[in-house]
Structures are given as structure tokens and as C-alpha cells.
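Asker: Same order as they appear, the protein sequences are chains A and B. Counting with this note's numbering, you get residues 1 to 43 for the letters of the first sequence. Counting with this note's numbering, you get residues 1 to 523 for the letters of the second sequence.
Keep in mind that the hints were calculated from the coordinates and are not lab data. Please read all numbers here as calculations on a predicted model, not as lab measurements. Using N, Cα and C, we set each Cβ at its ideal position, and we do this for glycine too. Be a bit skeptical, because a hint or two may be false.
[What the hints assert, rightly or not] If you want the footprint, here are the derived chain B segments under chain A, 3+ residues with CB under 8 Å: (1) 80–89; (2) 188–202; (3) 259–269.
[Claimed, not checked] Facing chain B, a subset of chain A residues (Cβ under 8 Å, in silico): (4) W19; (5) V21; (6) R34.
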Amino acid sequence: MFGLPTETALLVFGFPALWIVYTAVFLYRSRAWRDEDDGDGTA
Amino acid sequence: MSTSVIFFLVLYYVVVLGIGYWAMRLGAGEDLEGYLLGGRKVGPMTTALTLQSTSMSGYMFLGAGALGFTQGYWAMWFAAGDIGGGVLNLSVIGRRMRKLSRMFGALTSIEYLEKRYPSPAIRFFAGVLTVFLLGFYVLAQLIAGGKGMALVTGIPYPFALAIAAGIILIYTFMGGYLAVAYTDFFQSIVMLVGVMWVVVAALSELGGLTAANNALNDLDPTLLSVWGKDLGFQGQWGVVAGALLIFSAGYMGWPHVVTRHMAMSRPATARKAGMWATAWNLLFVPAPYLVGIMAVLILPGLDDPEMAIFQVAGKLLPPAVTGLVMAAIMAAVMSTADSLLLQTGSIASRDLYERFINPHASERQMVTVSRGLVLAIAAIGYVVALYEPPTVFSIVIFATSVLGSAFLPAYVCAVWWKKANTPGALVSMVSGASVAFAWQYLDYVETTQIAPMLAGVVGSTVTMIVVSLATQKIAPVPSCIKEVMDQAAVVGPIPKRLLFAADDGLSPEAAAIDAAGNRRQSR
Numbered sequence: 001m002f003g004l005p006t007e008t009a010l011l012v013f014g015f016p017a018l019w020i021v022y023t024a025v026f027l028y029r030s031r032a033w034r035d036e037d038d039g040d041g042t043a
Numbered sequence: 001m002s003t004s005v006i007f008f009l010v011l012y013y014v015v016v017l018g019i020g021y022w023a024m025r026l027g028a029g030e031d032l033e034g035y036l037l038g039g040r041k042v043g044p045m046t047t048a049l050t051l052q053s054t055s056m057s058g059y060m061f062l063g064a065g066a067l068g069f070t071q072g073y074w075a076m077w078f079a080a081g082d083i084g085g086g087v088l089n090l091s092v093i094g095r096r097m098r099k100l101s102r103m104f105g106a107l108t109s110i111e112y113l114e115k116r117y118p119s120p121a122i123r124f125f126a127g128v129l130t131v132f133l134l135g136f137y138v139l140a141q142l143i144a145g146g147k148g149m150a151l152v153t154g155i156p157y158p159f160a161l162a163i164a165a166g167i168i169l170i171y172t173f174m175g176g177y178l179a180v181a182y183t184d185f186f187q188s189i190v191m192l193v194g195v196m197w198v199v200v201a202a203l204s205e206l207g208g209l210t211a212a213n214n215a216l217n218d219l220d221p222t223l224l225s226v227w228g229k230d231l232g233f234q235g236q237w238g239v240v241a242g243a244l245l246i247f248s249a250g251y252m253g254w255p256h257v258v259t260r261h262m263a264m265s266r267p268a269t270a271r272k273a274g275m276w277a278t279a280w281n282l283l284f285v286p287a288p289y290l291v292g293i294m295a296v297l298i299l300p301g302l303d304d305p306e307m308a309i310f311q312v313a314g315k316l317l318p319p320a321v322t323g324l325v326m327a328a329i330m331a332a333v334m335s336t337a338d339s340l341l342l343q344t345g346s347i348a349s350r351d352l353y354e355r356f357i358n359p360h361a362s363e364r365q366m367v368t369v370s371r372g373l374v375l376a377i378a379a380i381g382y383v384v385a386l387y388e389p390p391t392v393f394s395i396v397i398f399a400t401s402v403l404g405s406a407f408l409p410a411y412v413c414a415v416w417w418k419k420a421n422t423p424g425a426l427v428s429m430v431s432g433a434s435v436a437f438a439w440q441y442l443d444y445v446e447t448t449q450i451a452p453m454l455a456g457v458v459g460s461t462v463t464m465i466v467v468s469l470a471t472q473k474i475a476p477v478p479s480c481i482k483e484v485m486d487q488a489a490v491v492g493p494i495p496k497r498l499l500f501a502a503d504d505g506l507s508p509e510a511a512a513i514d515a516a517g518n519r520r521q522s523r
């Protein structure tokens, strides 16, 4: 790919892909945070 | 020197100073929380971009380019970790650290450590180590700024260095976290536009990425390898792991970076900030390394590899755009330097001077101490940078390795492990810093093929676990701290009784804040 050896292509494109997946999973798993507000200690 | 270059540089400085002045006025009249943390009202996008631009220093325009130029695609191991550094940091400790710091009433990342691991020794050791290493890190920014300005403008290096140091000082003295955060936001955009312009120009010059890689293959196939030029790092997984670790997990141990969590408007800000951080990193992080690699073809006779990006820009871009690239490097330098100096000054004045020397220090005295130290660091940095400048790469790797090794387990365990206690944290910080320092100073990398960062983090993590478990009976974690940790895990508002729950006896600065607030109200 792009004239790179396979392992270099994996390094250049694979790691960014992994971080995109990580970010997507983080957004999904933290969806319950959306409405959280630490407030003014009124709880 | 081209008038276009001057125009872009002056325009850049005017805009940055304007934003800084506006943000300073925005935060004026607020209390110390307003000055040090922007009143904890920074939104997701600004949080992400100040986190990233603070982390991405002048190293990205000098060190990263040099690494690509000298080692080829091996340099991408650093980028591979770096791309996820922001989201990893925000997802692992962001939300909980925001809540804990509010419940502790902590205003600096070192004060936060003392509240979580109650002992003056924690604050003293962490404060001294941080001031030393951040001061060292500032040195790299001065050299980067001076070198870049000298090359692009033609001004002799000593004068260029003095100008760079002077601008950074004026800018820093404007003061305040909001000024830093909002100018970081603008500067991160300038950095991105500047570096992308160089990437596009370099790839156009070489006929695209595939053609460039084919040309590299003809020149030296090992430059395309993941093991470095002449396969110099072949099989050295310990070095590779260190390269991946230093700018990914390592961020979580940098006191000037984790402060960004404490300043978020809400705990949930970490969520969207993580998304913005990844988006910005995907575009920005690989670019300087790639330009460095392409420079092998574009500038075969380059003497100083750290000048690779400047030289490529100077050769391929028109003067007006070179001015923009110069603004981008200054943005990278200044966005890190201002955060480093603000944090160094804050830690020196609050965590060391007020906490250990003068508990009743007035705000004026604290500002004097803070600015005096900043001036001293800049002066020492100027002399070192002038007479014996080390490479930007070596300084950044040294400072960030020791910082990350010392503080990574302390910050992560602070939010996730209730058995992490004071002896464990103290021994962890001392051992992590010592191992990483010794590993570099004694050059154990050659013999062990393990990077200092990896050795340091293993040392600090193992000692944190072993010492904490061994001392649970003699130094148990106070129940009030366990309670706030439980609360930090819960998604919901903080109960009023848990705000500022830490032992007030450990918080002389809290009294100073109250006193300052009362004085303001009485005026």
C-alpha cells in the first residue's frame, strides 16, 4: 500500500484505525455521562 | 528577510496577544480558581485543543522532523502512540479527576496529589521534581523558537533566541489559565494549517506518497522499514514500546497536561473532548514525521536534521506561506511554553513557597515568587541554549520520560485504585523518576534495548502496587478519600457535604483563597 512494506503500512494506517475504534467505543460506553453535571453540591 | 514573512509573524503575534488580552479580561476579577483553572468553565473543543497543543511542543516541528529524516518510517512508532494520547488521557482519568479535584478543592495538579495522598512529602517531592523538569522542558521551547526564527528571518541565533524568549515571557506574564487555553485553541489551528501546507507541498513535489516511497526504496529500502535506518532497531521491542508509550499513556503523568482535566466545565466534557482530540491528532501528528521522511529526498544534503521542516517549507513554499509555517512553529513553541511557565510558576508559588515557606503569603508575594522563578528559568534557559544547546529531541524525550515515569501510576491510581496510599505513591514517584533518569544518564538503552520510559513506568507501577499493599495496615487510605473516590465513580452531581472534603489542615492555600476572596469583597 502506497509503496510501503506490509508491516510499515500496518504501523502507519493500522494504529490510527485502532485509535478511531477506541474513540468510538469510548463515546458509546460513556453515553450515560452526557447529562451529568457536578452541580453546586445540591444533591 | 521577506516582508511577507514579517507580515505573517506580526499578524500572528497581534492576534495571539489580542486573544490573550481578551481572555485575561474575561477572567479578571475572579478568584484563584479563575486564574489557575479558568473558573472550571472550559468546554470540550477548547479542552481538547489546549490539551493537544500543550502536549505538542516545538518538538513536533524540530524533533519529529529530525527523527523522520534520520530514521525513516521507524519514527512513526512515536506518532502511532501520540495519536491516541489525548483520548486515552481523557477517557482514563479525565472525568474522575475533574470530579475529585473539585471535591478536594485542589487548584493545581500537585496540590491534587497531596489531597489524594495526604502528606506534605508528596507535595514537596512532586513540586520540586515538576519545577525542575518543566524548567528543563522550557529550555527545549526556547531553542526551538530561536532556531526557527534565526533560520526563517536570517537574524543571528543569539538575537533570535532573545526575541523568542522575550515574546514567550511577555505572553506568559499576561497570565491566567483562560488566556492560555483560548490562545492555545487559536494556535492549534495555526499549527494544523501550517504543517498541512508543508505536507501537501512536499508530496506534490515528489509526485505523491507512492512515488515518494518508491524513490525512498531506491535510495535506501531500510528507511521504509519499521526498524529504522540500516535496521538499527530491529527486534528492539523494549525501545518500540517506549516510543509508543511516551506520548500515549505518558501524557497521564504530565502535571501541566492533566491540569486540563481539572479546568473542564463539567466532568462529562471529557467525552466530547476525547473525540476532538482524536480528530485533531489524526490530522496533525503524523504530518511532521512524514515531512521529515520526505526531506530525505527533497534535501539530500541537509546538515541539521532538526531544520528539515523549515528547509522544506523554505524551498517549496512561497514566502507568504513560509511566514505562516513560521507562525505555526512559534504557535507550537508558545502554546507549550506558556502552559509550562504558568504551571511552573503556579507550582513554585502555591505548592512550594506558600505551602512550605510562607503559609500566609499574600497574592502579591505569590505573584512575585511566580514571576521571579519564570524569569530565572528563562534566563538560565537562554544561557544554556546559547552556549551549549542540546537537541530539542533529547531534552523533550528526557523531560517527558522522567515526568511520565514519576507520575503516571500516581495519577491513574488516584482515580481508579482505592488501596493506593501515601507510601505507595511516594515510593512510586521516587523510583519512577530515579529509574528513568538513571536509564538515560547511564545509557542503559544500549545494553538493555529498553527505553527509559518503559523502565521507569514499570518501576513506578510495581512499587506503587507492592508498597501500597504492604503498608495498608500502617498507612490506610483515609475513609473520607475512599468516599470521594466512590462518589467520583458515580455519574451524577456531587453531594454538598463532599465538596472540599479533604482535610482542611492540609490546605493552607484554601484559607488564603478565602482571605483573598474576603479582601476582594471588602474592596
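Asker: Now, for every hint given, state plainly whether the structure supports it.
Answerer: Structure-based check of each hint:
With 6 residues carrying a beta carbon less than 8 Å from a beta carbon of chain A, the segment 80–89 of chain B meets the three-residue requirement, and the given coverage holds. Counting residues of the segment 188–202 of chain B whose C-beta lies closer than 8 Å to any C-beta of chain A gives 0; at least three are required, and the coverage claim is violated. For the segment 259–269 of chain B, the assignment as covered by chain A holds, since 3 residues bring a beta-carbon within under 8 Å of that chain's beta-carbons and 3 suffice. For the restraint placing W19(A) at the interface with chain B, the shortest Cβ-Cβ distance is roughly 4 Å, inside the 8 Å limit, so the hint holds.
Because the closest C-beta pair between V21(A) and chain B is about 10 Å apart, greater than 8 Å, the hint is violated. A least Cβ separation of about 6 Å between R34(A) and chain B falls short of the 8 Å threshold, and the interface hint therefore holds.
This entry does not satisfy hints 2 and 5, going by the numbered hints stated previously.
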